[in-house]
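Q: Take a look at the letters that make up each chain.
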Amino acid sequence: AQSVAQPEDQVNVAEGNPLTVKCTYSVSGNPYLFWYVQYPNRGLQFLLKYITGDNLVKGSYGFEAEFNKSQTSFHLKKPSALVSDSALYFCAVGGYSTLTFGKGTMLLVSP
Amino acid sequence: GAGVSQSPSNKVTEKGKDVELRCDPISGHTALYWYRQSLGQGLEFLIYFQGNSAPDKSGLPSDRFSAERTGGSVSTLTIQRTQQEDSAVYLCASSLGQGLAGYTFGSGTRLTVV
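Those protein sequences? They're chains A and B, same order as listed.
Per our numbering, residue 1 is the first one in the first sequence, and the count goes up by one each step.
Per our numbering, residue 1001 is the first one in the second sequence, and the count goes up by one each step.
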């Protein structure tokens, strides 16, 4: 069975500061890892994914994520947060056919 | 279409009534998924279609829930004899081939059972 943990319900950061949203996973075999973002009253939007290759993955809107196999983590990062980044962020791990999502982390960026 | 379309966007129903939720995936996407999003619960997998067949329906919470897909396109999720605990946002997603390609989500149907 595969699972994802997002240990923080909410992350608060000031605009211009770096941000990190944490994710750890459990899966047998090679992990396929994803980050999605959800704005209010909207569906989830794809940010980035790790399938294989470089451990640092770059995605949409200036976000990136670092795959760490030894720590089974896939933390989402951004060097300089924007107020418009405030949203609900989901980490997911993929099996052959379906994705298992974490419970989500609310990111609040203050001006 | 350009994106995944779900209807209705909002549905209020009385306890005990049946409801149908519709999902229109991106044209050509062979895989279709239903998830349920409840407050504080994240996304709960319900069912996965590949074409018209459902190789994984392990997430359907009870026999009151069923889903079908016709013509490899539109899918309908039906909830019979709705209960208050069915209140949630029901999200549909589609993907080209397997899930590793990533999903495109619809905006969801917010179901409220009163």
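Because the hints were derived from the structure by calculation, they are not lab data.
All of these numbers come straight from a predicted model, not from anything done at the bench.
Be careful, since some hints might not be right.
[Said to hold, decoys possible] If you only want the chain A side, here are some residues facing chain B, beta carbon under 7 Å, derived: (1) Gly43; (2) Phe46; (3) Ser97.
[Claimed, not checked] Quick list of simulated restraints, FRET-style, between CB atoms: (4) A:Gly62 to B:Gln1080: 42 to 48 Å; (5) A:Gly29 to B:Asp1063: 28 to 34 Å; (6) A:Ser3 to B:Arg1064: 40 to 46 Å; (7) A:Asn30 to B:Gly1040: 39 to 45 Å; (8) B:Ser1007 to A:Tyr61: 24 to 30 Å; (9) B:Val1012 to A:Gly53: 22 to 28 Å; (10) A:Ser97 to B:Arg1081: 26 to 32 Å; (11) A:Pro79 to B:Asp1063: 33 to 39 Å.
Beta carbons are placed, not taken as given, at the ideal position from N, Cα and C, and that holds for glycine.
Q: With 22 to 28 Å as the target window, see if B:Val1012 and A:Gly53 comply at their CB atoms.
A: Hint violated: Cβ distance 47 Å, outside 22 to 28 Å.
Q: Falls inside 40 to 46 Å, the C-beta gap from A:Ser3 to B:Arg1064?
A: 26 Å, violated
Q: If you take the shortest Cβ to Cβ gap from A:Ser97 to chain B, is it below 7 Å?
A: This hint holds: A:Ser97 lies near chain B, its Cβ roughly 5 Å from the closest one there, short of 7 Å.
Q: Can you tell me whether the CB distance of A:Gly29 to B:Asp1063 sits inside 28 to 34 Å?
A: Holds, since A:Gly29 and B:Asp1063 (Cβ atoms, about 32 Å apart) stay within the stated range.
Q: Quick one: are A:Pro79 and B:Asp1063 within 33 to 39 Å, going by C-beta?
A: 50 Å, violated
Q: Double-check A:Phe46 for me: the hint is only fine if its C-beta lies closer than 7 Å to a C-beta in chain B.
A: At 5 Å from the nearest chain B Cβ, A:Phe46 passes the 7 Å test, so the hint holds.
Q: The hint says 26 to 32 Å between A:Ser97 and B:Arg1081; measuring C-beta to C-beta, is that right?
A: At roughly 30 Å between Cβ atoms, B:Arg1081 and A:Ser97 fall inside 26 to 32 Å, so the hint holds.
Q: Taking the Cβ atom of A:Gly62 and the Cβ atom of B:Gln1080, is their distance within the range 42 to 48 Å?
A: 46 Å, holds
Q: Taking the CB of B:Ser1007 and the CB of A:Tyr61, does the distance hold inside 24 to 30 Å?
A: 29 Å Cβ-Cβ, so the 24 to 30 Å window holds.
Q: Does the interface hint hold: is A:Gly43 within less than 7 Å of chain B, judged Cβ to Cβ?
A: Result: holds, 4 Å to nearest chain B Cβ.
Q: Range hint 39 to 45 Å: satisfied by the CB atoms of A:Asn30 and B:Gly1040?
A: 31 Å, violated
Hints 6, 7, 9 and 11 from the earlier list are contradicted by this structure; the remaining hints agree with it.
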